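A.B. asks: Letter by letter, the chains look like this.
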Amino acid sequence: MEQDAQLVQQCLQGEGSAWEELVRRHTRRIFNICYRFTGNGTDAEDLSQEVFLRVYRTLGSYRSAHGGFTTWMTSVTRNLLIDHYRRTKRDRITDSLDDAMPVVENKESAGRRPDEQALLGELSGQVQAALTKLSPDLREAVILRDLQQLEYGEIQRILSVPEGTVKSRINRGRIELARILQQLGVRPS
Amino acid sequence: MTWTCEQTEQRLSDYLDGLLNQAEQDAFDAHANLCERCTPMVARVSHLLTKLHGMEELETPPRLVYSILDKTLGPRDSVSGWRTVLRWVRAIASPRFVYGAVSVAATLMVLLTATGFSWRKPKMADLSPVNVYRNADRQVHLVFARGSKFVSDLRVVYEIQSRLHQENEIPTTPEGTLPQSPPDKQPGRTDGTRPSSPRQQNRANGMGHELEVLAAELPILAPRTMQ
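So the sequence lines, in the order shown, correspond to chains A and B.
Sequential numbering from 1 applies to the first sequence in the working numbering.
Sequential numbering from 1 applies to the second sequence in the working numbering.
Bound-form chain B, shown alone (with noise of 0.2 Å):
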């Protein structure tokens, strides 16, 4: 079959919508890969093709329907007056809407009570910004001071009942024994090394009393250093 370059333009839709029989088919085929002239316009028009399925739907306006529903039925009618306030009414009487109420109460007198204001006593200075801030500021302070104090008392018991418990662990020699060492090491040391100054022991045996007398006026404390 022979194909003329009129006919490739002619055709060229059929060809690229798959209407074409298959001897037109191979005649199209043969025609347009030779043809200078018909090649790259059949290359532009199936490259079109391509683009403009490919481009995808506007979004329409957002006001667009509405207007269109303005125009064919009517501006849609305004409420005034006291059905307003009952439409509103109505609106808000749903369980979602009381839920969410009561919540954002709660969270407010949590807010308003960590704030400082008082519920007994209640000043609209208080609700000021500045009063707020002022109040809250002092509140975090004061819950700072409170728990490093907290903090502070637990560390000193700890270390009072970690060093009676230390002391009462000592292994006491018999009164009257003396330690026996080898002779060629100093006295009262097991390791060489030289033995601790009289000074040294003094302040040691001195802590321990102390540690004692505030054991003894913690009650906490009490039953463990009476043993």
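So here's chain A without its partners, still in its complex pose (with noise of 0.2 Å):
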């Protein structure tokens, strides 16, 4: 934490090298939220470099008086997947009419890259899918709480909503992303 205060400040005098630290330390946990977001491995990494490019462009507007630059960054992470969320609603709609229509090949790993579905097939594809599934309120909520690992608090001030709301969308997001996973066939064993 403290690192990252100080790295922000070698930034923000100029330091180029102390940018590619930041970057380097933080690309993989903003790119595993990006993704299990969006579910594409494509808008990850364009979102993940969204973010960068947003906080290279408002460095100076942290204080870390607020809070960690983790928080503040995933703050600012999250603010994009909701924008990017809105911006793509349209083409969602379109595609759950599509879904309507009886197709023959599997919607989930259409448009996949062979890398990407490798990867599902290591890390569960199943609880991607339903992931993507669920509203974006209760999503952001179990993978920051659930994939993160962030305390309730930490959740609190990324989201900016009071700590019972925090609770309930967790909670909430856990019955439905079950009940989600049983749809799709998953039991518990």
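FYI, nobody ran anything at the bench for these hints, they're computed from the structure.
Given the structure is predicted, the values throughout are model-derived calculations rather than measurements.
Built from N, CA and C at the ideal position, the CB exists for glycine as well.
Fair warning: there could be bad hints in the mix.
What the hints assert, rightly or not - Here are a few chain B residues that sit away from chain A, every Cβ distance over 12 Å (derived from the structure):
id, residue
1, H31
2, C35
3, S46
4, G54
5, E59
6, K71
7, W88
8, G100
9, M124
10, N135
What the hints assert, rightly or not - If you want the footprint, here are the derived chain A segments under chain B, 3+ residues with CB under 8 Å:
id, stretch
11, 17-30
12, 35-45
13, 49-55
14, 141-148
15, 171-178
Reconstruct the complex from the two isolated chains, following the hints.
C.D. replies: Here it is in structure tokens:
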């Protein structure tokens, strides 16, 4: 945490190597959040780049007194993900209409690169598929809590909602996710 | 404490995260174990959490960091012209590179020599794959033939030495005395077998004579044979 704050200060003084270090430290985490939220590798890469671009431009507005750099950066990521969700809503409505039509090919696997398919095979593709079916409010709460292992307080700061709302969203998200998984044929062993 | 299905659903995450107090937990357990609606729900969510917590972090795509750096800091400077050459020279001026280059050169020299490349009169034709193959094949055959000849010579010399040694060890009978053998045995034999025919004895004597001549001609064996 302190190291991040130091690196931010060095970045603001114009040290490119400090920014490079920040990018290397946080890329994987940001990419994971984006991937879990979108369920698409290409979108996750584009969004990760967008996140860092925005962070780079607004680095001067970061105040360490208001919380850790990680929390601030996750908050930026979350805002961009919601923007992306809204932007692509129309496409998804079209997609859902297509879903209603009989198709031979599996919709989830259609459009994915082979490396993504392998990735999903290893990392429980069913859970990822179920995650993308959750509403964005519940999805982000579950991702932050159960995949990023963040504390309730941190999630509260990232989402800018009261702790009660955070808890409620996590709870509803988990129950809903379990229900979707059941519909997908995944049963508790 | 009474516990309802609504409470079970609302407090499920608190239960799974261990945030309920003892009384609440007992009431939750008592209800969840008996309720037909709540039991499978608790099992499903519990199973989900196990799966979620077991999911590993994805690896970052290899180019992502560089793409981000290019987009934020701008593309890295690409050096051209004599500066590139200077960079190359600086890079190869390290001792590690020099050691590596010397070892590679030595290996190449050994290989070229082995394939029959002439260092005194180097020709480009010697470096063509066909000629390299032919020369290497020739060298291998030559080395094999020389080795075979050397082993064969050694074998002959050893055989001669051992035979001469055997002959020297056979005790000679004094002249004028006859060998004494029991009357019931064949003359010249102690084991009751038939004596060798005169033809065989002649051949043995002839071979011994030839060996002596051969040994006399070989300078290594000469002092021994003279004894």
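A.B. asks: It remains to establish, for every hint, whether it holds in the given structure.
C.D. replies: To see whether the hints hold, each was checked on the structure:
no. : hint    : result
1   : H31     : holds, 16 Å
2   : C35     : holds, 15 Å
3   : S46     : violated, 7 Å
4   : G54     : violated, 8 Å
5   : E59     : violated, 8 Å
6   : K71     : violated, 6 Å
7   : W88     : holds, 24 Å
8   : G100    : holds, 30 Å
9   : M124    : holds, 48 Å
10  : N135    : holds, 49 Å
11  : 17-30   : holds (count 7)
12  : 35-45   : holds (count 3)
13  : 49-55   : holds (count 3)
14  : 141-148 : holds (count 3)
15  : 171-178 : holds (count 5)
The structure shown violates the earlier hints numbered 3, 4, 5 and 6.
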